[in-house]
Amino acid sequence: MLVVDMSTVPKKFVIKPFRAHCQMDKEQAQNIWKSLSSAVTEIYNKNASLLSFEELYRNAYNLVLHKHGDMLYEGVQDTVYTRLRSVAEQVAVCPDNQLLQEVCEQWKQHQVTMIMVRDILMYMDRTLGSVSSQLLHNQYLRYVPQNKKMAVYDLGLWAFRETIARHGQVRDRLRKLLLENIRDERLGRLIDHNCMKCALYMLSELGIDSSNVYEEEFEVYFLKETCQFYRSESHLFLSQNTCPDYLKKVESRICEEMQRVPNYLHANTRPKLRHIVETELISAHTPALIESKKSGFCDLLRQSEEKMADITRMYALCFQVPATLDLLRSALHEHVRAAGQLLLNDEMKDPVVLLRSLLALREKYDNVVRNAFRGENIAQKKVKEAFESVINADTRCASSLVAYIDELMRSGLKGAAEGEVECELEKVIIIFRYLHDKDVFEVLYKQYLAKRLLNQRSISSEAERQMLVKLKRECGYQYTTKLEGMITDIRFSRGAMEKYNTHRDEKKMNEVDVKTARAASCDIDVTMLTAGYWPIHPAIPCVVPDVAASASESFKNFYLKQHTGRKLTWLTSSGTAELKAIFSDVAKHELTVSTYQMCILILFNALDFGEELTMQSITDATKIPHNDLRRHLISLCTPKYRILLKRSKGKGFSSNDKLRVNNSFASKLRRVRVPLVAMKELSTHPNSSHSVPAAIEEDRRHLCEATVVRIMKARKQAQHNDLIAEVTRQLSQRFHPQPQFIKKCIESLLEREYLERNASDARLYVYLA
Amino acid sequence: STPSPSQALLALPKPVSRQRPSQQAAMAPKKRKSAAKTKTATKKKAASPKQPKKAASPKKKKGGALDFDVYADADEGVVTFEGLAQLADDLGIDPSSDTKLLAMCWRLGAEKPGCLSKEEWARFAENRHLPTYGKAQTVSVLKAGWNSLDPNFLDNSEFKPFFRFCFEFNREGTKRFLERDTALALLPLCVEDRSRHTQLFLEFLGTKPEDFKLNRDQWCSFLDFSLAVGEAPEFSGWDAEESSWPILLDEFVEFCQAKLKES
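If you read the protein sequences in the order shown, they are chains Z and A.
Counting from 1, one number per residue, gives the positions in the first sequence under full-length UniProt numbering.
Counting from 1, one number per residue, gives the positions in the second sequence under full-length UniProt numbering.
In case anyone wonders, no lab produced these hints; they're calculated from the structure.
Among the hints, a few may not be true.
[As the list claims (entries may be wrong)] To list a few chain Z residues with every Cβ distance to chain A over 10 Å, as calculated:
1) H193
2) Y221
3) D350
4) A403
5) L453
6) L454
7) N501
8) T576
9) A666
10) I711
11) T728
12) Q730
13) L750
14) R757
15) A759
[Unchecked claim] Below are the SDA-like pairs computed for lysine to any residue, each with C-alpha atoms no more than 20 Å apart in a straight line:
16) Z:K482 / Z:L571
17) A:K160 / Z:R671
18) A:K208 / Z:E747
19) A:K175 / Z:L571
The C-beta atom is built at its ideal place from N, Cα and C for all residues, glycine as well.
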């Protein structure tokens with residue numbers, strides 16, 4: 001326990017404050033003030049160099065110390081006001097052309113004076129707790145006690161504002177002059193930047209006690225004026241000039257205005273000014289600029305090669321106002337779509353030419369996007385969408401694309417370097433990517449590929465393979481399996497034929513009578529096609545002549561010995577044969593004809609000279625299907641290749657028409673290749689293929705149903721919308737199904753009880769195991 | 001011989017003269033089938049006079065027991081439409097307009113279309129919803145409680161399976177659909193006043209070709225559609241973009257809208 005003994009606490013010391021010995025009386029103070037007052041006047045009169053600042057400071061200090069601060073403050077206030085009132089009179093009568101300079105001059109003078117006065121009265125400022133304008137502007141304002149006074153410098157600003165800046169004859173004139181000057185500069189005249197800068201700086205400086213003089217007295221009017229100026233100017237200019245000129249003008253105008261800010265405007269004005277200029281010059285006119293008939297954006301796009309700089313400028317300007325960019329992009333989209341549509345409108349256009357122009361179109365707008373649109377993604381997407389809508393309008397583009405690739409593969413790529421091939425194919429793939437009906441493409445591509453491979457028309461198997469690699473990359477492994485299989489078939493066939501030929505030669509060597517062996521057989525070249533890969537429907541083989549039959553039999557035996565368990569079916573509907581034909585002693589030709597034609601022509605060997613065969617007897621002997629027979633016979637009776645003569649006139653054939661060999665057949669060439677007349681079903685004329693073929697439609701249904709079942713099997717149940725979305729997603733690699741189409745498939749599955757609707761939620765499908 | 005019920009139970013025209021049970025010949029259904037095919041059911045319904053009950057039904061005199069053997073087809077071992085028509089006759093009701101007969105079959109849990117097996121028939125004694133449950137199983141007991149079978153008493157959740165049953169019971173053997181005309185006759189009877197769309201829908205079906213077929217999903221969805229979607233022309237609750245209704249119902253809405261636009 002602590003016990004404090006109070007009696008031990010020592011005595012307290014009291015320190016009394018220092019007392020001034022002599023109080024300054026009123027009179028004394030008045031005298032000191034008088035000297036100070038005259039000093040202030042001297043400073044105003046630019047005679048500050050004659051004064052002793054030390055003395056003045058001390059005087060002011062003493063006054064404040066002896067509690068005459070208030071008197072000092074009021075005195076200074078009085079002096080300043082009086083002085084400024086007389087200045088105001090002087091300024092007010094100034095004519096317009098000198099007013100600006102005069103105000104600036106007076107302002108500078110006032111500033112200098114006030115700085116000196118502030119320095120002299122520094123002690124007063126501090127003691128009277130005057131609050132500087134910085135503090136007044138910020139949050140401490142509310143803590144400033146009522147009796148605190150404004151700092152002397154701020155007092156000066158205040159006085160200047162009240163007496164001069166807001167003087168009835170100065171205020172409006174000053175503003176008018178400022179705005180007129182700016183207008184003059186916009187119209188191309190030179191103005192005094194210093195003066196402008198000084199006056200505007202003054203206005204912003206005068207903004208003490210939270211009222212923003214610069215904004216209220218000048219900026220509001222300035223922005224309004226700017227708005228009006230550019231509104232009228234842009235309308236006028238645009239109506240008299242072309243869009244590219246207008247764009248150039250806008251570019252320079254924006255540049256000018258932005259330069260104006262560092263020249264004499266307050267930095268805060270910059271965003272406001274920019275917004276107004278952009279709105280008036282760009283936003284307000286974007287639609288007009290895009291659509292303008294004579295030289296608008298659309299027009300520029302049409303001649304994008306020459307006008308790239310203008311398009312780039314247009315984009316750069318719109319880039320500053322994001323809202324207008326969308327307009328620009330939509331215009332691009334619309335333009336590309338219209339241009340593509342124009343190409344497609346020409347129904348009779350050759351597919352290869354059509355595709356070539358589509359490629360050119362794409363290249364053109366790709367360039368626009370890359371150069372003028374800075375390669376931005378949104379514009380790229382817009383162009384892509386435009387192309388998609390053009391290309392998927394009907395199935396013509398799919399067939400044109402296939403025809404174009406066929407043309408490339410057969411002749412277009414001849415002599416092209418590896419890099420060029422790659423480049424060409426890459427372009428093709430881009431169009432392919434746009435294509436929704438990839439399954440239509442596949443079917444057609446297969447047909448053309450088969451033709452190329454079987455007729456050995458492809459110039460480069462390397463290019464073929466490259467194309468397939470690209471397709472595989474786009475659509476996955478399954479898409480190209482069969483196509484690759486076709487190419488592999490051809491390669492294997494070559495190998496197999498080589499083996500067979502060596503085997504046959506060996507066998508021949510062993511034959512005793514080489515001559516008879518050769519007479520009884522013919523050379524054979526077999527291509528082995530895997531069933532299912534090729535778009536060829538197996539038909540019942542026709543009856544081939546003995547000599548060909550024995551050759552094919554020999555090959556068959558050889559092949560089946562090597563590959564046991566396989567089955568060979570002869571496709572007599574395709575293939576060619578070379579025949580030596582002796583029409584007369586002088587006309588000996590080698591004919592290249594189809595297998596069917598070979599069978600027909602050999603029949604005439606058994607007849608006497610000039611004897612005739614009826615169509616019926618040909619059918620009986622060869623078992624060639626009726627339609628094929630007609631086609632192949634017509635091909636042998638065409639005016640150019642009139643190998644057979646028929647009794648009846650005209651193009652048609654009746655079953656008892658009689659045919660005989662045309663012994664007077666003549667041709668300049670020794671080798672004659674007899675072309676087949678085109679069959680109507682085979683033609684890939686654009687008109688015939690506007691909608692998706694029924695077979696493909698059928699395939700799509702199966703594919704769609706399979707997809708639905710696969711998804712449902714994995715999920716067990718799914719909402720209608722989810723299911724539609726997922727099926728669309730999965731199928732989009734092959735084709736783009738309509739929701740209605742998927743719905744039909746779902747309904748069919750509901751009917752066949754693969755799925756059912758949930759009893760309580762009709763939108764929910766449930767998978768039935 | 002297995003005469004397949006070619007027409008829906010309720011859609012059947014009544015045979016002109018009822019065969020006696022003593023004459024239960026296997027030939028009878030065949031004859032009726034051919035006769036039935038030529039006529040549309042609903043029109044006939046009003047015209048056909050009801051038969052005098054007492055004179056027509058000797059079974060009743062025998063005590064009117066609900067014996068399976070009395071109504072079953074001897075050859076097939078099940079109660080077919082024949083037997084049901086006979087029962088209707090005994091009850092004094094019109095089988096082509098009274099949905100309570102269908103409701104009875106539903107309560108008996110008929111699984112195969114158009115017939116009741118012996119096992120199912122036996123449920124007269126087991127099913128609480130049947131008037132004969134726990135009582136003497138006679139025609140008169142069934143008749144006394146007949147009105148309790150009225151499907152109008154069912155609430156929507158119970159009615160749905162019954163509505164589905166109407167489809168199942170009236171389709172032909174293994175087929176998964178109803179012919180257009182059958183559907184036309186059957187639908188208004190089954191759905192009664194639960195749908196505001198019936199009249200328009202029948203009109204719409206009428207525009208379809210005669211060989212049009214209505215499948216189960218379409219049949220059941222019509223009821224769901226009726227319960228969920230408001231009356232024409234607004235069809236509130238129906239969304240063209242996101243519709244998961246069968247395409248047939250989408251077409252129906254389009255049909256109605258086109259029709260209203262015309263007038």
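Structure-based check of all given hints:
no.	hint	in the structure
1	H193	63 Å, holds
2	Y221	53 Å, holds
3	D350	40 Å, holds
4	A403	36 Å, holds
5	L453	43 Å, holds
6	L454	44 Å, holds
7	N501	60 Å, holds
8	T576	50 Å, holds
9	A666	62 Å, holds
10	I711	15 Å, holds
11	T728	14 Å, holds
12	Q730	19 Å, holds
13	L750	4 Å, violated
14	R757	7 Å, violated
15	A759	7 Å, violated
16	Z:K482 / Z:L571	19 Å, holds
17	A:K160 / Z:R671	80 Å, violated
18	A:K208 / Z:E747	18 Å, holds
19	A:K175 / Z:L571	43 Å, violated
Hints 13, 14, 15, 17 and 19, counting from the list given before, are not met by this structure.
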